[in-house]
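The hints should help you fit chain B onto chain A, whose structure is shown.
This is what each chain is made of:
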Amino acid sequence: MAERIVVDPITRIEGHLRIEAEVKDGKIVDAWSSCTMVRGLENIVRGRDPRDVWAFVQRTCGVCTSIHALTSVRAVEDALDIAVPPNAEMVRNLMVAALYEHDHVVHFYHLHALDWVDVVSSLKADPVETSRIAQSISKWPKSSPGYFSDLQKRLTKFVESGQLGIFANGYWGHPQMKLPPEVNLIGVAHYLEALEWQKEIVKVHTIFGGKNPHPNFLVGGMACAINTEDPGGLNAERLAYVRRLLEDGKRFIEQVYIPDLMAIASYYKDWGAIGKGFGNYMSYGEYPTNGYADISSFKFQPGVILDRDLTKVHEVNHRNDDIQEFVNNSWYDYSGDGNAGKHPWEGETNINYTGPKPPYKNLDVDQKYSFIKTPRWKGKPMEVGPLARVLVNFVKGDKETQEEVNAVLKTLDVPVDALFSTLGRTAARAICAKLSSRWALGFYDQLILNIKNGDSRMANMEKWEPSTWPAEAKGVGFAEAPRGALAHWIVIKDGKTANYQQVVPSTWNASPRDPKGQRSAYESTLLGTPVADNNLPLEIIRTIHSFDPCIACSVHLYDEHGKHITQVDNISVCTI
Amino acid sequence: MATEKKRETYFESMVKQGYSRRDFMRFATYMAAYMGLSTSAVGQIADALENKPRVPVIWDHYQECTCCSESFIRSDHPLVADIILDKISLDYTLTLMAPSGDQAEKSKHDTMKKYHGEYILCVEGSVPLGDDGQYCCIAGRTALDILKEAAEGAKAIIAWGSCASNGCVQAAYPNPTQATPIHKIIKDKPIIRVPGCPPIGEVMAGVIVHVVTFGRLPELDRLNRPKAFYAKRVHDSCYRRPYYDAGLFAETFDDENAKKGYCLYKVGCKGPMTYNACGSIKWNNGVSYPIQSGHGCIGCSEDDFWDNGPLYERLTKLPGFGIEATADKVGKIAVGAVTAGVAVHAIASTIAKKKAVSRRISKGRENDENLDI
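These protein sequence lines are chains A and B, in that order. Counting in the working numbering, the first sequence runs from 1 upward without gaps. Counting in the working numbering, the second sequence runs from 1 upward without gaps.
FYI, nobody ran anything at the bench for these hints, they're computed from the structure. It is possible that part of the hints are untrue.
Stated by the list, open to error - If the Cβ cut is set under 8 Å, some of the chain A residues that face chain B in the computed set are:
hint, residue
1, A55
2, F56
3, T65
4, P231
Unchecked claim - In the DSS-like style, the derived pairs of lysine-lysine whose C-alpha atoms are separated by at most 25 Å in a straight line are:
hint, chain 1, residue 1, chain 2, residue 2
5, A, K157, B, K114
6, A, K357, B, K106
7, B, K260, A, K463
8, A, K24, A, K269
9, A, K361, B, K113
Just so you know, these numbers come straight off a predicted model, no measurement behind them. Using N, Cα and C, we set each Cβ at its ideal position, and we do this for glycine too.
Excised from the complex, chain A in its bound form:
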C-alpha cells in the first residue's frame, strides 16, 4: 500500500513550497505541489503610476532580483510604444547576464550541491588525491594538496565543535550519496569559494543600478547616465570595473562551475533517467541585440517544444489566448465557469482559502490545494527553465548552444535523451551560465563601441510624461528569468495601472493540476522517482531543486470594504 510522505518546508529554495507524495514499493506513484504563502502584489499596484510599478513587482523576488523589474519596464514600454536606446539595451543585457551568472552558480553550490555532495564524507578525503583530481579537471589555481589539507582541518574542527549550523541534520551518509570523499572535498571547497565569489559578480548591478539586491530600473532606458569626462556618470573607470567583473565571472564559471558539474554528474548518470516529466518545453527568449521588438535578434530564442520532439519549434504568442490560467485546484474563485481558463489581460483573482485549518498534517488534494494558479499553453502543461532555453536554441540551430550541449553529452557519455531529466536540468543551467558569461563580453564590447562612436544616450524620455500617453493601452513584457519564462501583462487607463498580472516561471512548473487532470512539471517529474528511505526525502528534493524553485504565489484581492475584487491576477512571490 502506498504511503503518503510530506516535505514541508522544502528548503534551499525561495518561498514556501510543500510537496506531498505517495510512495509504493520504493517509488513515487503520485505527487502534489503546493505553495502555502500569498501576498497580493498585483492588487497593490493597481491605481499606481505605471512608471513606479517595476519597483513594487521587483519585490516579487529578491533572488532573481532585477528580472521582474526589467519585465515590468518592458511591459510599460510595450504598452506605450517606447524604444529604449541601444546603450540601455546593452546595460540591461549585462545586468541579466550578471544575474544568470550569480543565480546559476549560487543555485548549483548553495541550493543544490548539498543534495549530491556529502560534507561529512569529505573529512575522509586524501588531500593529495583531491589535488590530483582537481588539477586533472581544471586549471583553477586553488588546487594544491596544502589547500585541500588546510580546508579539511577546518572542516574537521568545525564538525568536532558539535555546532553544525546549516549542515546539521543533512543527508550525510545516505545510500544515494555516491561521490568519493575527494570529490566531496572539492565540492565543499568550491561551496565556500562560490560564496565569496557571488558577492563580486553582482557589482555589475551595483554599478548600473546602484545596489544589489534590487537594483534600480527606469521606464525608457536606464538611469545611469554616461559621461566619460565627468565623475558624475558612467566613465572609463566604472566601465573598466564592469569588464573586470565579467572576466572574473567567466573564469569562475569555466574553471570551477563547469568542471565541478561534470565531475559530480559523472557519478550520478542514473539521474539522467529520473525526473523526466511530460516533455513539453517553453522559452520566451532573452538578450535582444537589435531592439526588443526584433525577436530574431535574441541570443536565447523563444519557442515551444512538444513531446520531446527535437525537430520542431512552435511559436509563442503572449497576446492571444494561447496562454491561459486556471484556478480549478487553486485557492481562488473565477466568475463564470470555474473550470475555464482566462488570458492574463482578462484574468481575475478572488482569493478563497478553502484548505485545511492550520495546524494541519495533510492537505486535502481532492480539493483545491495551492496558492499558485495553473497556466497552460494551448491547454498543455509546459516546463520552463534553463533546459527549455537550451533545448529551443539547440533545435533552432544555435551553433554555440549545440557545441556546449554536445560537449556535455560526450563528456558524460550519455544520449540526448538524458537531457530530459533531473541531471539534464542541472547541466542545462550550467550551459546557460557559460553562454551568458561569454555573451556578456560581447554586450560589453557593443556598449563600448557605441560610446566610442559618440552615442551616449541611456534613456528615451520622449514619452515620460503621462500627458503623452493614450487614454488606454495594453502591454506585455517578457523575459527569461534564471528560472524560466516570465511575463507581466499591464493595462493602463488614464495614466494609471488598471490591471497587472504576472505569470512567473514557478507558476508554470509548481502549479497544481488543471481541469483535465494534467500534472504540471514538479508533480509530473516526481513520478517514478525512487525513494530509498521514506523518512529522508533526499531524492524528492534533488528533482525539485533541479528546477531551482522560486515559488510564485497568487494575489488575492479585497477592496477596501473587504469584498472580493474580480480583476487582477496572479501574484508571484518568488523567494529563493
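Just chain B now, kept in the frame of chain A:
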C-alpha cells in the same frame, strides 16, 4: 542550562579555520569601524569575541522575497560571509540549510529546546493576520503561530528588512493579507528593527555581530533602529549634496544635468526623508549606491515608503514648506513621529549640527524659490 561550556568562542573558531591572531584583530577593528566605535573599543570587541561562546541563531522566513538573506550573504566585511555564518551557528534558515521537511524542523526545535532563552531570532518577512493567518503556512502551521513559539525562547529578536520592520510592499495599500510587522505582534522581547529593502549587507552583518559580541543590543533610536546605521539621512551623507545646496538639479533622466551628476531631488529622490547608511557605507562593499548610479533614493528604509507618493514626484509638491522643512515633515509623517520641530532624529543631536541644519534649511529655502514648481 549547561550549554555555554561546550560552545567554542569566535577566536577559537577562527584559529581552527586557519585565521591568525592578526586576522582576528583586523576583524575586530572592522567591527569597531562599522559600529561607529572608536579604536579604544577594539580591545573590548576582541575580548568579547575571544571569550564569549557562539550564539545560536534561528532565522525565520514569512512573507518576504528573500532579498534580505541575499543581501546578508553579500556582506564583504566584517570578514567574509562564510565566517559570519560559522560565527553565529546559523541553526535554521530555509534559504541555506541542508535538510528539508521534518529534518529541518528538527534542527529548529533542537535549538529552541537546547538553547532556550539564549538564541537570537532573526525574522525576514511580515506576518499576515488576515483570514486567521492562513496566507502564510510552513509545515502546516501559520507564520503567526510559528513566530510566537520562536519568540518565546529568544534572547532578542532582529527584524530584518522592511517586511519584518514595517510590512514593506505587501503591506502597501490596500494590504490585502493584513501583512504586519513583528513588533506589532511580539511585545515582550527586545526587537531591533533593521529596515531597508533590503538592508545593506554589511549593516546586517554589523548588527548581528554587535549583538553576539557585546551580548547586548546596539544603541537604538526611538524607532528601535541601530543608531550606528540609521542616525543620518541619505541626504546628509550624499556626495551630490553640494549640488543640492547650489541649486543644481537634473531636470529629467539622462539630460545634460543628469550626465553631470547633479542632484536628483527634482526627479523624485527621497534622500531628504530617508534614514539609512547608503551614502556613507554604500552598497556591495562600497561600490556605489542608488544616487551615485543616477536613480533617486526610493526611501526603502522608511515606514510605509510605498505609500509616500509616486517615486518620481519631488517632495516639494506638498504645499507650505521649503524643501528642507518639507522633507523633514514628510519624513516625520512617514515614521509616525509626533515631536514638533525640524530634524527630529539624531542629526540635531548637537548644537553645532543644529546650526548646520539651520543653515541648510535657509539655503534650501533659497533653492526652493529658484525651483520652477
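Results of checking the hints against the structure:
1. A55: At about 6 Å, which falls below the 8 Å cut-off, the nearest Cβ of chain B leaves the hint on A/A55 intact, so it holds.
2. F56: holds, 6 Å
3. T65: The hint holds - A/T65 has a Cβ within 8 Å of chain B, the shortest such distance being about 6 Å.
4. P231: holds, 7 Å
5. A/K157 with B/K114: holds, 21 Å
6. A/K357 with B/K106: holds, 23 Å
7. B/K260 with A/K463: Roughly 23 Å separates the two Cα atoms, so the pair holds.
8. A/K24 with A/K269: holds, 24 Å
9. A/K361 with B/K113: Distance of about 22 Å is within 25 Å: holds.
Hint check: no violations occur; every hint is consistent with the structure.
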